[in-house]
Structures are given as C-alpha cells and as structure tokens.
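Participant: So the sequences go chain by chain: Y and W. Counting along the first sequence from 1, when you hit position 23 you're at 23 in my numbering, and nothing is skipped either side. Counting along the second sequence from 1, when you hit position 220 you're at 605 in my numbering, and nothing is skipped either side.
No lab work stands behind these hints: they were computed from the structure. Hints should not be assumed to be uniformly reliable.
Computed, partial: chain W to chain Y, Cβ under 7 Å [what the hints assert, rightly or not]:
(1) G451
(2) A455
(3) S525
(4) S536
(5) L543
Every beta carbon over 12 Å from chain W, so not counted as near; a handful from chain Y, in silico [said to hold, decoys possible]:
(6) M1
(7) N9
(8) P54
(9) G244
(10) G262
(11) H294
(12) T357
(13) V365
Here are the computed distance ranges between Cβ atoms for each label pair [to be verified]:
(14) K402/W x A77/Y: 53 to 63 Å
(15) D663/W x A77/Y: 48 to 58 Å
(16) G151/Y x A466/W: 23 to 33 Å
(17) A550/W x P98/Y: 55 to 65 Å
Keep in mind it's a predicted model, so treat the numbers as computed, not measured. Glycine included, C-beta positions come from ideal geometry on N, C-alpha and C.
These are the residues of each chain, in order.
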Amino acid sequence: MTVLLIAANSLRRLVRQRANLFFVFVLPLLLILVLGSTAAGFEPRIGVVTGVEPTPLGAAFADQLEAGGGVEVTTFADEAEARDLLQREELSAVVILPEGYGETFAGGPTAVEYLALPDGNGFEQQGLVDAVVADQNAKLRAARLVASEAGIDLDAGLATVAEVEQGVPRTAVLTVDADGEDFAGSDEFGQVAGQQLVLFLFLIGMIASAAIIQSRRLGVTRRMLATPASTGQVLGGILLGRFGVAVVQGVFIAVATSLVFGADWGSWPAALAVIGVFSLVATAAAVLVGSMLHNENQSTAVGMSVGLAFAAFGGCMVPLEVFPDGLRRAAHVTPHAWANDAFAEVVQRGGGIVDVTTELAVLLVYAAGLLGLATVMLRRSLQLS
Amino acid sequence: MPDDSLVIVNALLIGLKDLRQRVRDRSALIMGVVAPLGLVLILDATLGSVAETTRFEFAVLNEDRGELGAAFEGLMDELEADGVAVVTDVTDRSELDDLVADGSVNAGFVVPPSFTEATRSGNPGQLVVVGDRSAPISVSVAEAIAESFASEVDYVTLAVASAAATGAGDPTEIAALAQTVEPPIALDSVTEEGRGFDPTSYYAISLSVFFLFFTVQFGVLSLLEEEEAGTLARLRTAPMSPAAIIVGKLVSSFVLGVGSMAVMVVATTVLMGAVWGDALGVAVFVVLGVLTAVSLAAVVSSVARTAEQAGAYASMAAVVLGLLGGAFFPISSASDLIGAVSYISPHRWLLEGLRDVSYGVPLSSIGGPLLAIAVFIVVTGSVGLMAAAKGVAQR
Chain Y
1 MTVLLIAANS LRRLVRQRAN LFFVFVLPLL LILVLGSTAA GFEPRIGVVT GVEPTPLGAA
61 FADQLEAGGG VEVTTFADEA EARDLLQREE LSAVVILPEG YGETFAGGPT AVEYLALPDG
121 NGFEQQGLVD AVVADQNAKL RAARLVASEA GIDLDAGLAT VAEVEQGVPR TAVLTVDADG
181 EDFAGSDEFG QVAGQQLVLF LFLIGMIASA AIIQSRRLGV TRRMLATPAS TGQVLGGILL
241 GRFGVAVVQG VFIAVATSLV FGADWGSWPA ALAVIGVFSL VATAAAVLVG SMLHNENQST
301 AVGMSVGLAF AAFGGCMVPL EVFPDGLRRA AHVTPHAWAN DAFAEVVQRG GGIVDVTTEL
361 AVLLVYAAGL LGLATVMLRR SLQLS
Chain W
386 MPDDSLVIVN ALLIGLKDLR QRVRDRSALI MGVVAPLGLV LILDATLGSV AETTRFEFAV
446 LNEDRGELGA AFEGLMDELE ADGVAVVTDV TDRSELDDLV ADGSVNAGFV VPPSFTEATR
506 SGNPGQLVVV GDRSAPISVS VAEAIAESFA SEVDYVTLAV ASAAATGAGD PTEIAALAQT
566 VEPPIALDSV TEEGRGFDPT SYYAISLSVF FLFFTVQFGV LSLLEEEEAG TLARLRTAPM
626 SPAAIIVGKL VSSFVLGVGS MAVMVVATTV LMGAVWGDAL GVAVFVVLGV LTAVSLAAVV
686 SSVARTAEQA GAYASMAAVV LGLLGGAFFP ISSASDLIGA VSYISPHRWL LEGLRDVSYG
746 VPLSSIGGPL LAIAVFIVVT GSVGLMAAAK GVAQR
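One chain only, chain W, in its complex shape (with noise of 0.2 Å):
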C-alpha cells in the first residue's frame, strides 16, 4: 500500500497535468470565463438597458375641440419630454389604424369629438386605444395611460358630484378649485442600483453559476477520455494508489470551478458592477457550488460508457437542471408546478443562497439553500465517488 502523502503529491500532479491540458486547449477558458462573462455584458447591455431607455411609439388622433382633448395632448409632450414615449399628431382614424397596422407605432389614442362638451354634460365618452397585437406591453402600457387620463378626467366629474351630496360650493366653482388640488400619491419606482435589483447582479450570478456546471466537467469526465486514449491503463500500472488518479480527477476540476467562478466575481464586480455581497459568504456559495457541480458530474460521468456520452448526458444534466432552477428566466413565477418542481434543482438552491448573499443577507439566515446543497452534495459526491472507485479499480 503507497504511502498517505504520496496518494496526495501523486493525485496534485494528475491534477496539474490535467489543468495544463484544459489551458492549452482553451475549452475550459472558453466556458469558464469567455462564455459567461461575454454573455453578461450582452444580456446587461440589452435587457439592463431596456427599462431605462425604452420609448413606446404612441399616435395621436385628438378630434375633441375642448379643453380635455388638449390637456390629453398636454400628457403626450409630458410623457415624450420625459423620454418615455415618441408621439406622432395623426389627422384622421384611417391613417392611425394604418399606423398601427403596419407596425410604425404600437399604439394609438383615439379621444372622440366633443369629448370635453360630453363629459362636462355629465356623459362621459369613450377613449379609444388601438393596439398592435404584436406588441402586447406597449398596449398595455398605453390603456394603462389611458385608465389615468380617464381618473383624472372623472376626478372633477366626481368632486363637483361629492361637493353637491353635502350641498357645498357653487358647481363651476368647485370644477376651477379642483384643479388646485395636488394628487396626494405619487408613484416611485424603485428597481435602481443599491437595492438588490440591479440586472448586472442578477445576470452575473445566474450566468456563473449556469457555465460552472459545464466547466467542471472538464477534469471528471477526462478520468474517461484517459481511458479511451489508453493513458489510464498506464497510471494505473505507475506505483501510485487508485485513489491518487481519482482526487486528481477531482482536484483539477474543483480548481477549474472555484478559478472560473473567481475570476467571474472580480471580473463581474470591478468591469461592470455587479455586486456580489459579502465575500465570506460568496466563498462560502462558490466553494459549495463548486463541490454541487463536481459530485454531479461525477455521478453523470458513471453511468456514461465514453467520453463523449458523458459529456452530452453531463451537458444536458447542467441544461435542464439549469432551466429548471431558473438560470435562463425567474422560473417559479411561471407556474407553481414548475416552481415547485424547480426545488430539486441545485442551481435553484445556489441561485438563492448566492441572491440572498448579494441582496445583504447574512449567512445565517441563508439556512434553506445551504442545508439543501449540504445534502444534495454528500447523496451525489458518494454516490459518484463510489462509481468512480469502482471505475477505476476494473479498468
């Protein structure tokens, strides 16, 4: 039986001749760092920037001569002056319909003739919003505009009505006075850096954690290319334990994983601001995540004949798994069967822990997702290293 300490020089060296290789080659750059980093800047520049710099295309056709129709008009230059929207004047229905039709806006307005004359008399119209079907925000987007045209609208309607119920005030005089009154509620949207809410966080993490299951496989899944190629015939005659070639195997994927992740924290944080939150407790989530995706690969690499079965069966474990815990898109707002079927996804558990860590939370109150990987890792790590002892040891 070799000697304890050899087991570990032995399996250090496995594992740095494997890391060698993967450098050489630039796969594990390539999915490690390349991969995740190039698509957080792609996702950040476009979605991230979506909420701040998006302008709906809205027409006009105002036909009302009377206050209203203007103070509508008056609305449009507010929301185009403060970049939300692009308002186009249009003349006549047909040429708003066609507007709309052939996709040039996404949404009209239509405020009838003799609007204001009609509301005043106490018979409120009707506002008319045509919308492209294919652009189903925007129009909701534009009825909501319209649903707040028509409370303001109704307000002084509804003042005059209140104020004649307790027989106060003179109608026209309450109708001037209410306009003096400031709306009491104002809306403030928060999804600005600083909360928690920020896209580059978000996409930052999602993304790490959905590469570093492919790139772990690299080190795992070469203990069967070895095989293929003949070299673990040859380990396994040098005088060294079993053991040493497994811990290689493992050392040199465990240090791919913990570097990728790594470089993508301080890549993430210091080229594009992301933030991770508390470094103790990021630590604490790589290194856990890290030994998720190893014992997974582990436990894929087993039931797989060659190289390239392993990698595809390993493959597709990180894509649906990744799917699955809501790497793509937040999943379990999309159904509560998905949502509850996403909890026996470790990427959901790590997504969790590694938001939680980022939003401030601290570490001992992140119990859930950390119990959850504890034991998703100790069921797949012996599971994959019993397969993996036992793969070694008939080959």
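One chain only, chain Y, in its complex shape (with noise of 0.2 Å):
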C-alpha cells in the first residue's frame, strides 16, 4: 500500500510539469515517426557516377545495382557532385566508374572506387556492388575471349555476349532461412525498430533521474523516510511509478508502429515481456543515478553519456552480428546488448517467450544488482544529507 501511494504521488509529481509530459508522450511520438518512416520502405541511396556520357556498360552498372533490389541508384555526371552528396548525407555510398568504363581496358584491372559513410549499411551495399562487379567482370572476360579468338574487336564481343547470354541458363542462388523456407522479405526494420527501442527506453529512463535529485534536494524523500515506510518502500515506490511510465512508452512505441506503419513485432507476449524487463533495468538505472549525483545539472550529462555509451557498446547504433567476436562478447556487460540479443530472437527470428528467457533473467539480474546497489546508494547520500 505505502509503495502503491509512494509511486501514484511520484507519478502525479510527473504529469503536473508540462516538459515530462513532453518527454512522456511526444518524444515517443517522435520515435514511432523515425522507426515508422524506417519501416514503411527503406531503401538506401547508392550515386553511381558514369561520367558525361555514360559508356554502354556504365549505364548497365546502375541498371543492374538497382535490378538488384534494395536500393535506389542515382547516376551523376559529375564525381563532385556525387561527392557533394555523399558528405550530406544524402547518399550511403558512391561507386566511381572510371573515364570510359568498359572501353578501354588496356594494362591491369580499371579500378572502381567505392566511397561509404561510416555506419552500419555498409557491408550490405558493399556486397550489391561486389555483385555487379563480378556479373560485368564475367561478360567482359567473355567478350575479351571471343573477341581474341574471333579476332573481332571488344565491342562486337561485347555484343556477342550479350545476344549469348539470353540463352545461357544460369547458375542459382537460393536463400533459406534454418527451417528452409524462404528468406525473401527478411525484416531489416526488425533489427532497427529493436535497437532504437532499447537506446531510447534506457535514455528516457535515465533523464528520469533528475526527478529523483530534486526530490531529494526538496526533501521529499526524507520526509517520506520519517514515516514508518523502510527504505526499501520508499525506493520501490519510486520505483514503481517511474517503471509503470517506461512501461507505457514502450507499449506505446510498439502498438503504434505496429498499428499506423504495419511493423511486425514478432510474438507480442515476448516482445511485451522484453520491453517490460528492460524497463525495469532503465528505472533501477535511474533510480541509481539518482542517489549518487547531487544535482540535476550533473544528472542530465550523466544520463545522456551514459544512456548513449551502453547504447553504442550494446549494438543499438550498429547491429551486435558485425562486431568483432572479442568485442561482441564483450558488449554483453551492457543490458543493452541482452535486450538487443532478445528483440533479434523475437522480431526477427519469430521466437516465442520461451527463446529468449536467458535474456530475461540476465536482465532480471542485472535489475535486481542495480536496485540492491541504489538502496545503498540513497541509504548513504540521505545519512549525509
């Protein structure tokens, strides 16, 4: 009883300041909107640049990178502005076609350059554009056989092939998942939608903390601690009002995504038992920090290093599959890392609850440590206050 009114006063303390209702519901909004836009088609922007006048196979390059799906392709005359472009962000890679791709190939290989922005699409684009380099490096060798052979010059080998490749049958490639079935419409959102769901449920909790400074520095929680309520009480009351609002925003995140943008979740009672598991981690967090720093200021700078540190080293920024395997192992001292690990079981990998309850106890754990730790923690800064 004392906690349950402990938490619907800290709880009412929330919603009486119009900026916590902001963070409560509009930051969130704002969330649904970002991973929503992700979900409903997101397909990252490749500039191919082919020079003024594009030679036959400079333009089959784009063609070729777009017929593989998963990208948009841009071509550019001009290497600059392609560069331009790349640099703001509104593009994830450039290929380079070299003056007069395809026409002379005199001496060693004409290189392609292929500049990325430094995050996570890398590799997968890499891959499209090693695809088409492979497909042309196959037809130019042929052409260049025929031609040598023939003694025809390139171009009419190049045509050779061209009219011969219809007819070739052609070697498959066939992508199953473990159980078999078709890997076709793997859900990238899924990965995306579960990062930024666990790097924003810590991050909100952890600007929580600051409530829990200032009501400490106003006194409330010694005064709560001169009634008969334990320590214990008191923490768990604010606990518990500060874990019920995190619990919501993630509901909430989730059920939107899901009902405006069509954002598949997988099983809900294991995502639902994610979202709520980690909330209570990012509470115990706050909670902690809450005791140990002395002023709001501090809290805020703490909250967001902190929150934004375990998120990166936990593989909310870029997927936990492409970290080396050392560092891997190591991300999992983050909760985050474990909330991520059981959001790939359960959004992408259709696992139920019974998959991921590892991840839940390891954040169970990891709840309960925090939680012992900030009783101790308020316990002392009260007695030196």
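Got two chains here, separate frames each, mind docking them using the hints?
Facilitator: Here you go:
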C-alpha cells in the first residue's frame, strides 16, 4: 500500500510538469515517426558516377545495381556532385566508374572506387556492388576471349556476349533460413526498431533520474523516510512510478508502429516481456544515478553520456552481428546487448517467450543488482545530507 | 543611468562568478568535455573498428566432388586468409541448419551434389545460402559472395557459348583458355582516413555539437536559478544596469561553449587524430554554433517558470533537434520526409558546415549553412534577448 501511494505521488508530480509530459508522450511519437518511416520501405541511396556520356557498360552498371534490389540508384555525371551529396548524407555510398568505363581495358585491372559513410549499411551495400562487378567482369572476360579468338574487336565481342547471354542458363542462388523457408522479405525494420527502442527506453529512463535528485533535494525523500515507511518501500514506490511510465512508453511505441506503419514485432507476449524487463533495468539504473549524484545538471550529463555510451557499446547503433568476436562478447556487459539479443530472437527469428528466457533472466539480474546498489546509495546519500 | 564601461565590468564579474561556480560543481566539465570525449572514444572503438575487424562466421557444406566445389572451398579459404570470414566445414545439411539455428554461424553455404557436372553439361545447379534471420547483414554479404561465385562459374559457360556463336575455337580449349583471362575490373573500397570519411572525425564533430547545446545551458539558465535562490533580487538592488546581469549570463554561456568546443577540437585531434580542417573555418563554425546554442537556450528559458523546467525544456530541445539534425545517426538517409524536416534543426546546418570544413571545402563555398545559421541566431537571439530583458526588469 505504502509503495503504491508513493508511486502514485511521484507520478502526480511527474504529470504536473508540462516538460515531463513531452518526454513521456511527444518524444515517443517522434520516435514512432522515425521508426515508422524506416519501416515503410527504407532504401539506402547509392550514387553511381558514370561520367558525362555514360558508356553502355557504365549505364548497365547502374541498372544492374538497381535491379539487384534493396537500394535506390542515382547516376551522376560529375564526381564532385556525388561526393557532395555523400558528405551531406543524402547518399549512403558512391561508386565511381573511371572515364570510358568498359571501353579501354589496356593494361591492368580498372579500379572502380567505392566510397561509403561510416555507418552500419556499408557491408550490405558493398555486397550488392561486388555482385554487379562480378557479373560485369564475367561478361567482359567472355567478350575479350571471344574477341581475341574470333579476331573481332571488343565491342563486337560484347555484342556477341550480350546476345548469347539470354540463352545461357545461369547458376541460381537461393537463400533460405534454417527451417528451409524462403529468406526473401527478411525484415530489416525488425533489427533497427529493436535497437532504437532499447536505446530510447534507457535514455528516457536515465533522464528521469533528475526527478529523483529533485525529490531528494527538496527533502521529499527524507520526509517520506521519516514516516514508518522503510527505505525499500520508498525506493520501491519511486521505482514503481517510473517503471509504469517506461512500460507505457515502450508499449505505446511498439503498438503505434505496428498499427500505423504495419511494423512486425513478432510474438506480442515475448516482445512485451522484453519491453517490460528492459524498462525495469532502465528504471533501476535511473534510480541508482538519482541516488548517487547531487544536482540535476549533473544527472542530465551523466544520463545522456551513460545512455548513449551503453547504447553504442551494446549494439544499438551498429548491430552486434557485425561486431568483432571479442568485442561482441565484451559488449554483453551492457544490458543493452542482452535486450538486443532478445529482440533479435523475437522480432527477426520469430521466437516466443521460451526462446528468450536466458536474456530475460539476465536482464532481471541486472535490475536486481542495480536496485540493490541503489538502495545502499540512497541510504548513504540521505545520511550525508 | 550607469556608465557604459561599468556595464561591461559588471557583466564580466557576473560571468566570472558563474564560470567559477560551474567549474566547482564540475557539471560543465562533465557535460562539455568528459561526456562527449568519452563517447567519441567509445564510438570510435566500437563502431570505428567494426569495418576493419569484423569477421563473418560462415559454414560450408560442399557436396560436390568436382572442381567447382573445390573452387568454392578455395574461395572460402581465401576469405579466411584475408581475415574477412571464419569458416567452418560441415558434412551434412542438418548440421549446417543447426549451426545457423543456434547462432554459431551467421550463414551457411551449400554446394549441391554434382554441381560441377550439372554446370558443365549446361544445366547449372543452385547454390544455397542458409541464413540466420537475426543477422541480415551477414546474410546479405553471404548472398553477395554466392552471387559473385555464380557469376564466375557462369562466365566459363558464357565464354564457351559466345565463342561457339562466332564459330571460333573448340569448347574444351575455350574453357581452359577462359581461366587465363584476368578480371578487368577491381573494386577499390575507399573508407580510410585522409579522404574525410573516417569515423573518428565523424563522431568527434557530431558529439561535440550535440553536447554543446547542453553545455551552454548552464549560464543562461542560471538566471532562473538566481531568481529562485533570491540572489537575482539582490543583484538588482546593486548599482548596475539590468543589461549587465543579462550580458554576464550570456558571457558565461559563451565562454563555456567556446571552451568546451576548443577542448574537444584539440583533444580529439591530438588524442584520436580527428580531422577538423582549416582553423579559420572551424573557428567560424564554433563561434556560430555557440551563439546558436546560447540563443536557443535563452528562448527556451524565457518560456519556463522555474530553473528545473527550463533545464528540462532546454534538454528536450537539444535532444529533439539533435535527433532531427542527424547528431545520432545520418538522418537524411532515413526517409525523404525526415530528411526535409531535418532542415529546421540548427544541428543539421552546423554539422553540415563543420563536416564541409573537415572535408576541406573552403569557407566561401559553405554559404548555405552559414546563412541558415545566421538567420537562426538573429531570430532566436533577438527573441531570447528581449525575453531575458523583460524577465530581469520584472523580477
């Protein structure tokens, strides 16, 4: 009962301030928009610099890249323009074909330059570009061979290859998952959405630590402790109120992206369990920070940097799958990495609640540890003041 | 009316007092230097190293006894030797599926039985990639590897068929000759430093700007703190003009902002080798950036009633504009809508300007961001100043 009263009270103090309402409701909406527009067909843009007069092979390069799927391709006459757009982040990668691409192949191999932004999309895009290069290499090599054997020029050779190509059966590549089901339609959104949700649940939670400091500074906490309520009850009350807010936010984001943008969060009980447990970790971390620091200015600074640093290290900015092995193992000291693993299982692999029991258990241990520490720190900070 | 020179002296005194206070409680140090510098270090260590040190984990099931199966294994050995992948050989499909299912490998390749024979007899087979759904990036890399290998395999078939169409040479001879033709195109991936795309400079610039908007809050918002503590009333009774108080607060914000940016520029350059570019260009954007952040904080604090509220509003503005402006991740590539909306964020323009300077673009060609930031400063600055003047006069 005492715990509930304290929780209700801290919630009342929260909603009485308009700025807090923003963090509780508007920021998640903004996130939904960002996440949602990602879900609604996010395609990285690649620029192909073909020169002022694209050679036939150069034009084919852009077409083949586009046909490969998953990227939007724009051709540029001018390298500087493409580079400029890359620097403005309006393109995620640029392929620079040399002048007269495909027409002058004297001497060694012609270098095609590939420039990319340092973000997580790099590998995928480069794979697509690699595949086009391999295909064009095959055609060019065949054309050269034919040209030298039949005593015709390279253009005639290319024309012959282009003609013959249609009738030549090709080696197919089929991608399936471990159950043998078609991999097509693999859900990129799932990965990004899970990561972003983890990042922001924690960050929003950390910002809440300011309120805990304030209630200590104003003496609210001390007065609560002067009542027959124990430290545990007071802490439980503060935690419960904040936890409720975090869970509501998390669920709100998941449901809204699903309803409005058709995002697929996998099994709902499992997704909600992950949201709930991770919210508990975030809230416990906020209570700990709130018990350790002395003023609200510090808590914003610490909350922001700890929140972002854990997010980066825990695989919220670049997915854990591309972390080097040792770093990935090290990353699991953050609760974020476990939450990301859980979302990967639920959202991407379609796992249920039984498939994420390990992750949920680890997160609960984190929450318990943080809370234990927070109780000690809160007691100490109240004795000091 | 007090003497003009006194206004400046008094303003400086107030500014100095504020600075001393911020240095003593260490919040400015945490926000302006420790937090952004620590984050750049962490991001650089994790995200920056990813491109160079990631090894994809693949499994290979080669059921083909011919040369193509062997060639595929050779390709895998090459990838392993190049440090691109770690490859596990397996002997049956269920073992491969299990490895993918439990996440031990990101993707598996299956070269089917009689792949070579089928291909050589004109009925090319099918390469299978078995992918882990929770590792879409690795799977797409595996797909690209398989596609490239398929192109290589098809090339010989294509060469033989093309030669036959021109009536030249004997198929077996052509097939043998085909191996001797070198691939004429090589893909050269340029992501290394010196071209302006290094992650260190990227994060150093993003995070310095992001935290700048928090750091400068201290000075401006302390006006409200002084009011709550009752010290503003006492300042007002002192023989000095209200302008001195406002200017003093602005000065302390400005100094905090410039100071933290200067430390960030020097520290990331010296410690991590970040490239900020031409000193004059950096200085111009740093000063403009600080002015932008100070005027934003002034506007925000004018709508708040308490210091705590003002702090919350200012943080919220910094987070939202930072998010929209691309301080967390490249926003414009996310979607057209968000890309367009991002132009209302001063972060977007500051990052664009600073990145241009870092890429070596001369200041004279960065007119767009300069103009946009100038407009932002003039608008928010005048609103903020008027509000602050009104506030001090009333209180």
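Participant: Run every hint past the structure and note whether it holds.
Facilitator: Hint by hint, here is what the structure shows:
Hint on G451/W is violated. Least Cβ distance to chain Y is approximately 13 Å, over the 7 Å limit. Violation of the interface hint for A455/W is found here, the shortest Cβ-Cβ separation to chain Y being roughly 16 Å, above the 7 Å cut-off. The restraint placing S525/W at the interface with chain Y holds, with a minimum CB-CB distance near 5 Å, inside the 7 Å limit. Given hint, S536/W at the interface with chain Y, holds; its Cβ is 4 Å from that chain's nearest Cβ, closer than 7 Å.
Using the Cβ-Cβ criterion of 7 Å, the hint placing L543/W at the interface with chain Y is satisfied: the shortest such distance is roughly 5 Å. Against chain W, the non-interface label of M1/Y holds: every CB pair exceeds 12 Å, the least being about 30 Å. Distance check on N9/Y: its Cβ is at least 17 Å (rounded) from any Cβ of chain W, clearing the 12 Å threshold; non-interface status holds. Under the 12 Å C-beta cut-off, the non-interface status given to P54/Y relative to chain W holds; the minimum distance is some 16 Å.
Every CB of chain W is more than 12 Å from the CB of G244/Y (nearest about 20 Å), matching its label as outside the interface. Chain W leaves G262/Y outside its interface by the beta-carbon criterion, the shortest separation being 15 Å against a cut-off of 12 Å. Consistency note on H294/Y: stated as away from chain W, yet its beta-carbon is not over 12 Å from all of that chain's, at 8 Å minimum. With a cut of 12 Å on Cβ distances, T357/Y stays outside the contact zone with chain W, its closest approach being about 15 Å.
For V365/Y, the non-interface assignment is confirmed: its Cβ lies about 21 Å from the closest Cβ of chain W, beyond the 12 Å cut-off. One distance hint, 53 to 63 Å for the beta-carbon pair K402/W and A77/Y, holds here, with the actual separation near 59 Å. For the pair D663/W and A77/Y, the supplied restraint of 48 to 58 Å is violated, since their beta-carbon distance comes to about 29 Å. Checked against the hint of 23 to 33 Å, the C-beta distance between G151/Y and A466/W comes to roughly 40 Å, which is inconsistent with it.
For A550/W and P98/Y, the Cβ-Cβ distance of about 29 Å falls outside the hinted range of 55 to 65 Å, so the restraint is violated.
The structure shown violates the earlier hints numbered 1, 2, 11, 15, 16 and 17.
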